[in-house]
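As numbered in UniProt numbering, residues 1 to 283 make up the sequence shown, in order.
FYI, nobody ran anything at the bench for these hints, they're computed from the structure. Just so it is clear, the structure is predicted and the values come from calculations on it, not from any experiment. Positions of the beta carbon are idealized from the N, C-alpha and C atoms, including for glycine. Warning: the hint list may mix true and false statements.
To be verified - Cross-link-like lysine-lysine pairs, in silico, DSSO-like; alpha carbons within 27 angstroms at most: (1) Lys239 with Lys279; (2) Lys247 with Lys232; (3) Lys137 with Lys101; (4) Lys96 with Lys137; (5) Lys219 with Lys239; (6) Lys96 with Lys162; (7) Lys275 with Lys137; (8) Lys137 with Lys162; (9) Lys218 with Lys247; (10) Lys213 with Lys244; (11) Lys279 with Lys142; (12) Lys262 with Lys213; (13) Lys219 with Lys279; (14) Lys279 with Lys137; (15) Lys262 with Lys232; (16) Lys194 with Lys262; (17) Lys194 with Lys275; (18) Lys101 with Lys218; (19) Lys218 with Lys232; (20) Lys244 with Lys232; (21) Lys244 with Lys262; (22) Lys218 with Lys142; (23) Lys279 with Lys247; (24) Lys213 with Lys194; (25) Lys232 with Lys162; (26) Lys96 with Lys279; (27) Lys101 with Lys162.
As the list claims (entries may be wrong) - Distance ranges between label pairs, derived from CB positions: (28) Val251 with Ile136: 40 to 48 angstroms; (29) Ser200 with Asn245: 23 to 31 angstroms; (30) Asp197 with Arg115: 26 to 34 angstroms; (31) Gly212 with Ser91: 25 to 33 angstroms.
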Amino acid sequence: MQEVFVYIRSCHKVKILIKTQAGTQTDFFICNTERGNLSFNWVGGEDLSVPELLEKANQDVVHTIDEPLVEDDIAYSNEDERNADPCTSRSCIWPKSSDGKVYVPYTLSSAYSDRERSVIERGLQSFATISCIRFIKRTNQKDYLAIQSLEGCYSFIGRQGKAQTVSLARSGCVYHGTTQHEVLHALGFHHEQKRSDRDSHIRIHLENVISGKENNFKKIATLNQNTGYDYKSVMHYGKFAFSKNNKATMVPIPNQNVEIGKATEMSQNDINRLKRLYKSQNL
Numbered sequence: 001m002q003e004v005f006v007y008i009r010s011c012h013k014v015k016i017l018i019k020t021q022a023g024t025q026t027d028f029f030i031c032n033t034e035r036g037n038l039s040f041n042w043v044g045g046e047d048l049s050v051p052e053l054l055e056k057a058n059q060d061v062v063h064t065i066d067e068p069l070v071e072d073d074i075a076y077s078n079e080d081e082r083n084a085d086p087c088t089s090r091s092c093i094w095p096k097s098s099d100g101k102v103y104v105p106y107t108l109s110s111a112y113s114d115r116e117r118s119v120i121e122r123g124l125q126s127f128a129t130i131s132c133i134r135f136i137k138r139t140n141q142k143d144y145l146a147i148q149s150l151e152g153c154y155s156f157i158g159r160q161g162k163a164q165t166v167s168l169a170r171s172g173c174v175y176h177g178t179t180q181h182e183v184l185h186a187l188g189f190h191h192e193q194k195r196s197d198r199d200s201h202i203r204i205h206l207e208n209v210i211s212g213k214e215n216n217f218k219k220i221a222t223l224n225q226n227t228g229y230d231y232k233s234v235m236h237y238g239k240f241a242f243s244k245n246n247k248a249t250m251v252p253i254p255n256q257n258v259e260i261g262k263a264t265e266m267s268q269n270d271i272n273r274l275k276r277l278y279k280s281q282n283l
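Work out the full structure: start from the sequences and follow the hints.
Have a look at this one:
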């Protein structure tokens, strides 16, 4: 029996009745991945927070041998990087030009539809309105972001050099907020709950964490740019992130009722931190 693979170059909106815990989903986009496999992405994902979207998109992902070493939404060049902060062990920021701007070249995979390209590019261009960061389409630059639809959503931390993968899978990752989140990683930022001062703001419950997911809660020596801990950061996961038993994996202190992990885009503190790291002038 001969196998036939269908490659769809654009997403098509279809109506399918599927009952889920979130209710009955009817409107879906049927898309292809980078490798030509079909995927379904329901309309309305924008109603979820960025951390919720990332957890959902990465939940059952199996990475291929062609991809970098990936742990949830963080990519590593090798095993040693899992236990080190590349932004303190080497320079990880993108260079500033003589005009005061930081130009970050990028390429977008041809697998994306026009709608998806528009969403991603809107996320990239949002940085220009609040900082000195300018994302430009690559011509012949050596260092650049290669934005592709691979398996799930992920990015390296900071500038790596040469072609640097940012994966925004067509199935579940192509949203304004998820683009901002993964690009912030590429600009040098970690998840908020890993901050060096986090123990004064949240209590971690590793006993409730899925085995193998503990590294998401490992505290590291971050450069916080003299900004306060931000429960509203687009880089902060929710109370039940990576929970194995539906119990909280992290709780705000002293007020456990404070919401965390609900951001749909960059917070003001995210913006302030970005501007300070890259020494952006006031806009």
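Handout entry: Hints the structure fails to honour
Key = 1, 18, 22, 23, 25, 30
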